[in-house]
Amino acid sequence: MSTLTLYMQYIVNGLTLGAIYSLIALGYTMVYGILKFINFAHGDILMVGAFIGLLVYTALTGDAAPGAWTLSAFFIAMLVSMIACAILGMLIERIAYKPLRNANRLAPLLSAIGVSFILSNGAAWIFGTQSRRFPYPFENDPIHIGSITITPHQIVVIVVSVAMMLLLTFFVNRTRMGKAMRATSLDQSTSQLMGINVNRVISLTFAIGSALAAVGGILAAFDFRVYPSMGTMTGLKAFVAAVIGGIGNIQGAMIGGVLLGILEAVGAPLLHIPNGMKDTVAFAVLIIVLLVKPDGILGKNEREKV
Amino acid sequence: MLNFFQLILIYAGIYALMAIGQNCITGYTGMLSLCHAGFFCIGSYATAIMCKTFGLSFWLSLPVAAIATGLVGLLIGIPTLRLKGDYLCIATLGLGEIIRNIATNVNPVGYNSIPRASLFGYQFASRNKLAFIVLIWVFVLIFYILFQQLAHSRIGRAMIAVREDEVAAQSNGINVTKYKISSFVLGAAMGGIAGCMQTAYTLTVQPGSYTFMVSVMVLCTVVLGGMGNGKAVILGAFIIQFISYLPQLTGLTNVIPAQAKQMIYGLLLVVMMLWRPQGILGRDRFRYGDPRTRREKIAAFFRREGRNAEGGAV
Amino acid sequence: MRKAVAFLLIAFICIAGVAAGGSGEGGSGDTYKIGFIGPLTGDNANYGIRCSNAAKLAISEINAAGGIGGKQLELIAEDSEGTVDKALASYEKLAYMDEVCAIIGPVFTSPALAVAQRCQEDGIVMISPSATHKDVTAQPATNADGLNYVFRTVPSDALQSEVAGHYFYEVLGYRNLASLYAMNDYSQGLALGMKETFEALGGKVVAEETCMVGDKDFRTQLTQIKAANPEAIYIPNYTVEDAQILEQAAQLGVAVQFLSSDGFSDPEIYNLAPDFTDGVVYVGPAQAEASSILTDFQAAYGEAYNGDAPDSFATNSYDATYIIAGAIERAGSADTKAIRDEVAATKDFQGANGIMNFAANGDLVASQGVYEVDGITPVYVGSFQVVDGHIVQVD
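Chains as they are written, first to last, in my numbering: chain U, 858 to 1163; chain A, -19 to 294; chain E, 297 to 691.
One should not assume that every hint holds.
If you only want the chain U side, here are some residues facing chain A, beta carbon under 8 Å, derived [said to hold, decoys possible]:
1) Met947
2) Pro956
3) Ile970
4) Met1134
Partial pick of chain A residues on the chain E-facing surface, computed with a CB cut under 10 Å [stated by the list, open to error]:
5) Asn92
6) Lys109
7) Thr182
8) Ala238
These aren't lab readings, by the way, just hints derived from the structure by calculation.
Glycine residues also receive a C-beta, built at the ideal position from the N, C-alpha and C atoms.
Hey, can you work out the whole structure from these sequences and the hints?
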């Protein structure tokens, strides 16, 4: 295998991981853009999404062999899980964050940690701690292109992620509600004066972010398995991706996610260091990116007003 | 029961030391840093290596741990402190993860059978917790006083000025970078000292103990107590540790599953934050330019305490 | 403000006071208390929960059969979250509040090292079902009598990796191996030990790749291993990582033999990667010939815990519980020193994992079993020992 194809293979692998990071990063970025706070419970919503998706999918298909029905069941499960997570996200916002909206910026962070504890341990209590496999809803025989191997599930992950991102971009840029969202993220009180229902916008933001997390969770489930603490590290990485891209910026989150995924796959072999150190490489690049562009790749360079 | 309570006091003391450092960084200078797990890790490892590999005594390892951590703080502070707000937070979070990742890759087992600390021939054995409580809380007290003095000094006021408005501070002749870095280094060194204490107690160092959750919990300690308030963060450390061990202390863990224990912890965090979003004691309001002399202040303090004591008796 | 603080403090004191009343009967006379320390929450909770379930099962069996000398056994399981400080807190509670007469656990090496030091110091028997690192049983006996209080029912990684290295070289005839292991004490200990043995025999480990526990994507490592072209790949990891490695290897077309360790004895692997386990060879606990203890245990475990299947660590935990129960019975009291003497005197204990003995330092003396997976069923090849630098099949 030549070095070039080797690296092509790494990049293909990294893209899959990156697509998942991007989807989850979107949720962080949207919430941050509007509320300026890091929703630490986001990773756990992803886990809940994966569990709901898995439960619905197994209930629908049982032991059915992969085919058209399992594929549609997969998308039904995804839809149910998105709706459930959207409701969960709104509920969490209403109970744990809304009362703290005018408090010190760090107060909701602590509240979010509490919610994260409740969700992940609640899931461990209900579902048990063992990992579960998400069965492939389609035949997953690897496809060989030259000496590069790609599996159908990797393609599905990438395609669904891109579709979700396009949908979100359309929603934010082209609809009334999206406009309201952008206005709220620019200036909350002014938007309120302009007749925008800020509470509604914030609820919606949480709903959309959580629904995307659910999709991310289900797509991640193929490679990650489903277990109660699956969201912790994934969530953290996705958050990092959101920051690399420029937090608060939707395109930035996508770019950041893909970049982080590829970095994880390519970084260690490129530098000839043990693969156990790939997180070090990824985080080091993150810091370098921030030093060069202190507001992330696509972040707005806000000059401080004096 | 009493024994377990003593343990909580030890852990609370260790967290209080870290919280004092975090408070210096976040509370006074207003930098959102999530790196204390990393500093804690370096302090623990420095102590373990000094005591075990080089055979140094604990008392010599302590300054080594503090200086090593401070140096690391300086090294990572100089480039990253240019970043603002959440970007700084994420860069420091990344550094914390890098430190843990490297520690794990160098040696996933860590160190064990680290020699005990001793003072004038007295050995600090882990089973004698009272000695540890005294040791750790003496340090907490010393550093509380030191940082309290710092906060009320010229340096502390400069730090607070940086927190409140960087540009204004700069235009008033305050060297923002200098104060940011010194505050970061001081905070980092506190993490190192806490790590040193932790090693002295557990005698085992393991990279898995220094996850980013530790950094988050330290930040939470500061937020929960009251940012920029010296007394409050120590109280916060005690409360965080207390509620986290409450189910074990009360023997509740014999009855409820472990997950429920964690859920109670999460619930308590949410409830406490909703109940007092500004922290339990809130922010310390300095009364600059208090015309009273020190003696008068002390007298006033004792009058107040006396009143409280009477109130408490009734 | 002050009111709020006062309220908080009073609330805490009240709770503490109520609790003190509730847990006051720590040393009551009608039960023998046995402690358990392991990760019951967090990333590795699965291993802790399985081990504690197995211990619970053993205790309910003993109690159902009338207990010990008319007294019932009670298991108190405490969470270590896999970290040293939490494990020490659990130890503190078990040793001083509950005054247990022996401790099963901790499950992972680092907490086990920390707790072993305390057990040696305080003179409380500790039997770890799964801490494999060599230092666990190397803690100095710091108690007044200078006796060893730390035992384990899992072979030290040195023992297992020696058998593995010899088996791969001598029996399977491999000369070029690759290894892919997680950076934790368990996997690294086995991989490095196997490498040492294997290379001393004349083989070569051509690629050594690492990952972190909790990693999901092993494609980079597998691609690198594929490029090194080994005859087989040694993956001494926990189930979740191994399942992903096997699956991703198949996807990348890495079609070589996979070798593993006792982590693979966890039946969960057959749920996670059922299509990829065929042909895997792993070294695990030996089985006693003509004994139904293991199958009975597996059946009882499945019945008690919703069809969940125990892994080898849970089986070790089950054996440890019976060893402690036997020791308490022979000692006839909850005296920790008497119990220690009886545990140390355990001879040819017939457990679910075969015949067990303890060395003077508390290490398990046992031969190692080798299994080959056929589809999704492990087939027992036999048990092996290394004698005079050569592997010998014991039965």
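Hints, one by one, checked against the model:
1. Met947: 16 Å, violated
2. Pro956: 5 Å, holds
3. Ile970: 6 Å, holds
4. Met1134: 5 Å, holds
5. Asn92: 4 Å, holds
6. Lys109: OK, holds: lysine 109 of chain A within 10 Å of chain E, min 8 Å.
7. Thr182: Interface hint status for threonine 182 of chain A: holds (5 Å vs cutoff 10 Å).
8. Ala238: 3 Å, holds
Checked against the numbered hints listed earlier, the structure breaks hint 1 alone; every other hint is satisfied.
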